[in-house]
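K.L.:
Whenever a hint applies, use it, and build me the whole structure from the sequences.
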Amino acid sequence: GAVVSQHPSWVICKSGTSVKIECRSLDFQATTMFWYRQFPKQSLMLMATSNEGSKATYEQGVEKDKFLINHASLTLSTLTVTSAHPEDSSFYICSAPSAAGIETQYFGPGTRLLVL
Amino acid sequence: GENVEQHPSTLSVQEGDSAVIKCTYSDSASNYFPWYKQELGKRPQLIIDIRSNVGEKKDQRIAVTLNKTAKHFSLHITETQPEDSAVYFCAASDGGGADGLTFGKGTHLIIQP
Chain A
3 GAVVSQHPSW VICKSGTSVK IECRSLDFQA TTMFWYRQFP KQSLMLMATS NEGSKATYEQ
63 GVEKDKFLIN HASLTLSTLT VTSAHPEDSS FYICSAPSAA GIETQYFGPG TRLLVL
Chain B
56 GENVEQHPST LSVQEGDSAV IKCTYSDSAS NYFPWYKQEL GKRPQLIIDI RSNVGEKKDQ
116 RIAVTLNKTA KHFSLHITET QPEDSAVYFC AASDGGGADG LTFGKGTHLI IQP
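First to last, the protein sequences are chains A and B.
Counting from 3, one number per residue, gives the positions in the first sequence under the numbering used here.
Counting from 56, one number per residue, gives the positions in the second sequence under the numbering used here.
No lab work stands behind these hints: they were computed from the structure.
Remember, it's a predicted structure, so these values are computed and weren't measured experimentally.
Please note that a few of the clues may not be correct.
[Unchecked claim] Incomplete in silico selection of chain B near chain A, CB under 7 Å:
1) Ala84
2) Tyr87
3) Gly110
4) Lys113
5) Phe158
6) Lys160
7) Gly161
[Claimed, not checked] Once the Cα atoms are required to be at most 30 Å apart in a straight line, the calculated DSSO-like pairs of lysine-lysine come out as:
8) A:Lys16 with B:Lys113
9) B:Lys112 with B:Lys126
10) A:Lys57 with B:Lys123
11) A:Lys43 with B:Lys77
12) B:Lys113 with B:Lys97
13) A:Lys22 with B:Lys160
14) B:Lys92 with B:Lys126
15) B:Lys112 with B:Lys97
16) A:Lys16 with A:Lys57
17) A:Lys16 with A:Lys43
18) A:Lys16 with A:Lys68
19) A:Lys66 with B:Lys112
20) A:Lys16 with B:Lys123
21) B:Lys113 with A:Lys57
22) B:Lys113 with A:Lys22
23) B:Lys112 with B:Lys123
24) B:Lys97 with A:Lys16
25) B:Lys160 with B:Lys92
26) A:Lys43 with A:Lys66
27) A:Lys68 with B:Lys160
28) A:Lys43 with A:Lys22
29) B:Lys97 with A:Lys68
30) A:Lys43 with B:Lys112
31) A:Lys66 with B:Lys160
[Said to hold, decoys possible] Computed list of chain B residues with no C-beta within reach of chain A, every gap over 12 Å:
32) Asp72
33) Lys77
34) Ser129
35) Thr157
Note that the Cβ used here is the ideal one computed from N, Cα and C, for glycine as well.
P.N.:
So, in structure tokens, the structure goes:
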């Protein structure tokens, strides 16, 4: 199957700092990528849809000025958590469909963020 | 928007027995229903999926059934093994790859030896 990578795998930062998470499709091009957040023992919640060359689409309740998404190329989307606070501590996972028009999504390994 | 309900939240079965997890969805436009297995601290792994033009799909010990009229779909695992222990999530989307997935809350499956 298609391979999606994320970097870093985990990050610890101080409250008020910004953190950038990268999501890469390694063996395919992805015009669309998705960002999810998963709190401990909870389900995955879609945060936003990242579109190559255009603005991201955010789900209701997700602050677009806090979670900045950039999809600058067909293989890379970045999520920047700005002015992170302890309540932003979570598992952030990206996914991408293996091809345009294909529903099957492959997930990255996730990034665990801990904000102190 | 779409809402996916999943039951049970925890399921404990004896090794070798079958396990069934059920989900319902609210949006009749949804036409793609994947199931993911997630082990602690790891990414969700797609185990099987079904599209709305199909009522049932099977892959070895795993099967999924879909009832579009009732808006529910189920995961069936037969001859359960210890390595089947994990959290399982159902999800739904209206397909095409342009929309993200709406997940159920998950089922913690425990296989008792």
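K.L.:
Hint compliance check: list the failing hint numbers for this structure, sorted ascending.
P.N.:
1, 3, 4, 8, 10, 19, 20, 21, 22 and 35
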